[in-house]
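**Q** Residues per chain are reported as follows:
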Amino acid sequence: MALNCPRCGGDKNRVEHQGKEDGQVIWTVHYCTACCFTWRDTEPALSIDSTKRRKVFQIDPSHPERFGVVIPPVAR
Amino acid sequence: MNKYSDLPIKLASSVRSMRDFLDLLSSHDQCITWPDPVMPEPDIREICVASGQDVPGAPAILFDKIRGYPDKRLVTGVHGSWANLAILLGHPKNTTIKAMFYDIISRWGSEKAQLPRVKPDQAPVHEVRIERDINLYDILPLYRINDFDGGYYIGKANVVSRDPNDPDNFGKQNVGIYRIQPHGPDEFTLMSVPIHDMGRHMQAAEETGKPLKIAVMLGNHPAMAMFAATPIGYDESEYSYASAMMGSPIELTESGNGLDIQAHAEIVIEAEYIHGRREFEGPFGEFPGSYSGVRRAPTFKVTAVSHRKNPIFENIYIGRGWTEHDTLIGLNTSAPIYAQLKKEFPEVVAVNALYQHGLTGIIAVKNRFAGFAKSVALRALSTPHGLMYLKNLIMVDADVDPFDLNQVMWALSVRTRASDIMVLNDMAMIMIDPAAVTPGKGHHLIIDATTHMPPDPIGGDVEIVTPPSGPAIDALAARIRALQGGN
Numbered sequence: 001m002a003l004n005c006p007r008c009g010g011d012k013n014r015v016e017h018q019g020k021e022d023g024q025v026i027w028t029v030h031y032c033t034a035c036c037f038t039w040r041d042t043e044p045a046l047s048i049d050s051t052k053r054r055k056v057f058q059i060d061p062s063h064p065e066r067f068g069v070v071i072p073p074v075a076r
Numbered sequence: 001m002n003k004y005s006d007l008p009i010k011l012a013s014s015v016r017s018m019r020d021f022l023d024l025l026s027s028h029d030q031c032i033t034w035p036d037p038v039m040p041e042p043d044i045r046e047i048c049v050a051s052g053q054d055v056p057g058a059p060a061i062l063f064d065k066i067r068g069y070p071d072k073r074l075v076t077g078v079h080g081s082w083a084n085l086a087i088l089l090g091h092p093k094n095t096t097i098k099a100m101f102y103d104i105i106s107r108w109g110s111e112k113a114q115l116p117r118v119k120p121d122q123a124p125v126h127e128v129r130i131e132r133d134i135n136l137y138d139i140l141p142l143y144r145i146n147d148f149d150g151g152y153y154i155g156k157a158n159v160v161s162r163d164p165n166d167p168d169n170f171g172k173q174n175v176g177i178y179r180i181q182p183h184g185p186d187e188f189t190l191m192s193v194p195i196h197d198m199g200r201h202m203q204a205a206e207e208t209g210k211p212l213k214i215a216v217m218l219g220n221h222p223a224m225a226m227f228a229a230t231p232i233g234y235d236e237s238e239y240s241y242a243s244a245m246m247g248s249p250i251e252l253t254e255s256g257n258g259l260d261i262q263a264h265a266e267i268v269i270e271a272e273y274i275h276g277r278r279e280f281e282g283p284f285g286e287f288p289g290s291y292s293g294v295r296r297a298p299t300f301k302v303t304a305v306s307h308r309k310n311p312i313f314e315n316i317y318i319g320r321g322w323t324e325h326d327t328l329i330g331l332n333t334s335a336p337i338y339a340q341l342k343k344e345f346p347e348v349v350a351v352n353a354l355y356q357h358g359l360t361g362i363i364a365v366k367n368r369f370a371g372f373a374k375s376v377a378l379r380a381l382s383t384p385h386g387l388m389y390l391k392n393l394i395m396v397d398a399d400v401d402p403f404d405l406n407q408v409m410w411a412l413s414v415r416t417r418a419s420d421i422m423v424l425n426d427m428a429m430i431m432i433d434p435a436a437v438t439p440g441k442g443h444h445l446i447i448d449a450t451t452h453m454p455p456d457p458i459g460g461d462v463e464i465v466t467p468p469s470g471p472a473i474d475a476l477a478a479r480i481r482a483l484q485g486g487n
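Just so you know, the sequences run in chain order R and C.
Following the numbering used here from start to finish, the first sequence increments by one per residue and tops out at 76.
Following the numbering used here from start to finish, the second sequence increments by one per residue and tops out at 487.
Honestly, the hints are just simulated from the structure, not real lab data.
As the structure is a computational prediction, the values presented were derived from the model and not from experiment.
Among the clues, some could well be false.
Calculated pairs, DSBU-like style, for lysine-lysine (alpha carbon to alpha carbon, straight line, at most 35 Å) [as the list claims (entries may be wrong)]:
#1 R:Lys20 to C:Lys309
#2 C:Lys65 to C:Lys172
#3 C:Lys343 to R:Lys52
#4 C:Lys98 to R:Lys20
#5 R:Lys20 to C:Lys301
#6 C:Lys98 to C:Lys112
#7 R:Lys55 to C:Lys441
#8 C:Lys343 to R:Lys12
#9 C:Lys210 to R:Lys12
#10 C:Lys301 to R:Lys52
#11 R:Lys20 to R:Lys55
#12 C:Lys65 to R:Lys12
#13 C:Lys72 to R:Lys52
According to the in silico footprint, chain R covers these stretches of chain C (three or more CB under 8 Å from chain R) [what the hints assert, rightly or not]:
#14 68-80
#15 290-297
#16 434-444
Derived CB-CB ranges, DEER-like [claimed, not checked]:
#17 R:Ser50 to C:Pro434: 21 to 27 Å
#18 R:Val15 to C:Glu272: 56 to 62 Å
#19 C:Glu272 to R:Ser62: 53 to 59 Å
The C-beta atom is built at its ideal place from N, Cα and C for all residues, glycine as well.
Take the sequences, apply the hints, and build the full model.
**A** Rendered as structure tokens:
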């Protein structure tokens with residue numbers, strides 16, 4: 001089943017790391033390649049459940065031009 | 001010379017590394033090891049917030065039982081209380097903030113930097129070297145600092161970079177604290193703006209196409225963490241400044257990518273700027289206690305990692321105050337404003353800009369005549385820091401300790417008239433002031449809480465009580481604290 005990003009809803013995610021103890025997986029860290037959100041599957045729902053996150057913190061990465069740029073790149 | 005005792009100051013000057021400092025803090029009961037297993041979220045955040053409730057005396061907290069990160073160690077709150085700063089400065093841990101402020105002022109201008117060199121193959125930081133299959137999530141016990149941060153921030157790194165146009169200039173080599181958000185196992189964004197030295201280096205690399213190599217130092221000499229954020233001249237070395245301010249050596253070595261790094265840093269991440277690349281960065285809970293939004297920020301590729309054996313990842317809790325950030329930079333925010341004001345107004349006695357990086361400041365001044373303090377306030381607003389940060393400024397007389405808020409409230413209560421308030425509309429303001437109507441622009445407020453001087457009539461038949469004060473009373477207060485056994 002595709003895992004959706006809690007912040008943008010996208011499904012372009014990858015596993016960054018798994019925390020293990022005695023060979024058992026304790027948690028998995030995911031990264032959304034669309035909006036760059038990082039999350040661990042054991043975090044409180046307020047941070048990682050898109051239905052419980054505050055809407056103001058959801059983003060739509062499909063229009064990057066709507067976001068400010070820190071030190072704009074030099075055009076070449 | 002420490003006027004209370006010369007024992008702690010000798011110990012403080014023997015500190016060579018963060019580990020040494022944690023040992024020193026532990027010997028004063030100012031560093032604890034968290035006894036229970038913790039989840040990365042929300043446990044670490046909650047413990048850090050709880051510790052921030054004890055601003056005078058909170059200990060550094062070492063975590064070595066983080067679930068899923070066996071054998072990894074994290075420390076927070078190293079600079080999180082006045083007691084820890086007092087020990088760093090070589091004083092008993094119950095030293096007053098005012099005394100520490102004057103101590104820092106007295107060290108100002110020292111040129112006795114000691115920067116001995118250690119060969120890279122003998123430097124503890126290079127004990128373990130990783131050049132392949134780098135995964136920051138595997139090396140560092142990373143976690144989310146605030147609920148809605150965009151990622152797992154590294155909040156207390158000392159970042160070293162050289163000016164791409166003058167790479168051999170030691171003075172122009174910058175060390176600064178910039179927030180870092182990992183993006184994948186071996187990439188991260190770094191937040192800086194063009195007015196920062198680091199921002200200048202990134203901009204220069206971008207304009208010239210030259211490479212920009214950096215070293216991200218974690219777990220640093222406690223003086224570096226404290227002084228790297230102090231605004232000093234562009235061509236002045238933060239290493240020299242921190243060593244001179246501490247009066248003790250900071251040993252340097254070379255990173256694998258040619259930068260001067262601390263020989264005793266716990267972890268050093270070597271990285272290279274990726275030209276033209278910007279990734280979504282943020283939000284991040286920042287020092288005003290509000291989140292800075294999502295922007296697209298410059299990105300770096302990790303090329304190698306060096307670390308000591310069994311390294312300790314040092315991080316900070318930052319967010320709604322009071323947090324370690326406020327203690328870490330408060331005195332070093334206050335001191336430059338004082339030094340700049342003092343040049344033209346020797347009547348300035350002390351500056352307290354501890355609150356949210358100086359969004360509120362309190363200045364004590366020997367009032368000379370009616371309206372004098374207001375003019376001093378206006379000068380404070382034209383200092384480099386005051387320009388963007390001093391939003392609310394309270395002026396008090398020299399007989400009021402600006403670090404004692406009870407005394408400040410007394411002055412506000414008895415010496416302020418409504419006509420003593422000045423509002424300066426539509427001035428420059430830092431972008432992340434949560435109260436701003438338009439980010440980057442705002443109002444400055446001056447409250448003149450100094451006593452009324454001729455030609456201003458004082459009013460009714462009023463005489464202020466003059467309790468005993470001065471060194472004798474300060475010594476008695478110190479003795480009372482010492483008799484409590486707080487040393």
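**Q** For every hint, state whether the structure bears it out.
**A** Checked hints:
1. With a CA separation close to 21 Å, the supplied pair R:Lys20 and C:Lys309 stays within the 35 Å bound.
2. Of the pairs offered as hints, the one joining C:Lys65 and C:Lys172 is violated, with about 41 Å between alpha carbons and a cut-off of 35 Å exceeded.
3. Between C:Lys343 and R:Lys52, the direct Cα distance comes to roughly 55 Å. Violation of the 35 Å bound is thereby established for this hinted pair.
4. With a C-alpha separation of about 48 Å, the suggested pair C:Lys98 and R:Lys20 falls outside the 35 Å cut-off, and the hint is violated.
5. Annotation: proposed proximity of R:Lys20 to C:Lys301 holds, straight-line Cα distance about 26 Å (limit 35 Å).
6. With a CA separation close to 24 Å, the supplied pair C:Lys98 and C:Lys112 stays within the 35 Å bound.
7. For the suggested pair R:Lys55 and C:Lys441, the alpha carbons sit about 27 Å apart, so the restraint of at most 35 Å is met.
8. The suggested pairing of C:Lys343 with R:Lys12 is violated, with an alpha-carbon distance near 58 Å, which exceeds 35 Å.
9. With a C-alpha separation of about 33 Å, the suggested pair C:Lys210 and R:Lys12 falls inside the 35 Å cut-off, and the hint holds.
10. For a cut-off of 35 Å, the pair hint linking C:Lys301 to R:Lys52 stands: about 34 Å separates their Cα positions.
11. At most 35 Å may separate the alpha-carbon atoms for a hinted pair to count; R:Lys20 and R:Lys55 meet this at roughly 33 Å.
12. Under the criterion of a C-alpha separation no larger than 35 Å, the hint pairing C:Lys65 with R:Lys12 is consistent with the structure, at around 32 Å.
13. Pair hint C:Lys72 plus R:Lys52 holds up; C-alpha atoms about 31 Å apart against a cutoff of 35 Å.
14. For the region 68-80 of chain C, the stated coverage by chain R holds: 3 residues have a C-beta nearer than 8 Å to a C-beta of that chain, and at least 3 were required.
15. With 6 residues having a beta carbon nearer than 8 Å to a beta carbon of chain R, the region 290-297 of chain C meets the requirement of three or more and the stated coverage holds.
16. Only residues whose beta carbon comes within less than 8 Å of a beta carbon in chain R count, and the region 434-444 of chain C has 0; fewer than three means the coverage is violated.
17. At about 25 Å, the CB distance of R:Ser50 to C:Pro434 agrees with the hint of 21 to 27 Å.
18. For R:Val15 and C:Glu272, the Cβ-Cβ distance of about 25 Å falls outside the hinted range of 56 to 62 Å, so the restraint is violated.
19. Roughly 29 Å separates the CB atoms of C:Glu272 and R:Ser62, a value that falls outside the hinted 53 to 59 Å.
In this structure, the earlier hints numbered 2, 3, 4, 8, 16, 18 and 19 are contradicted, and the remaining ones agree with it.
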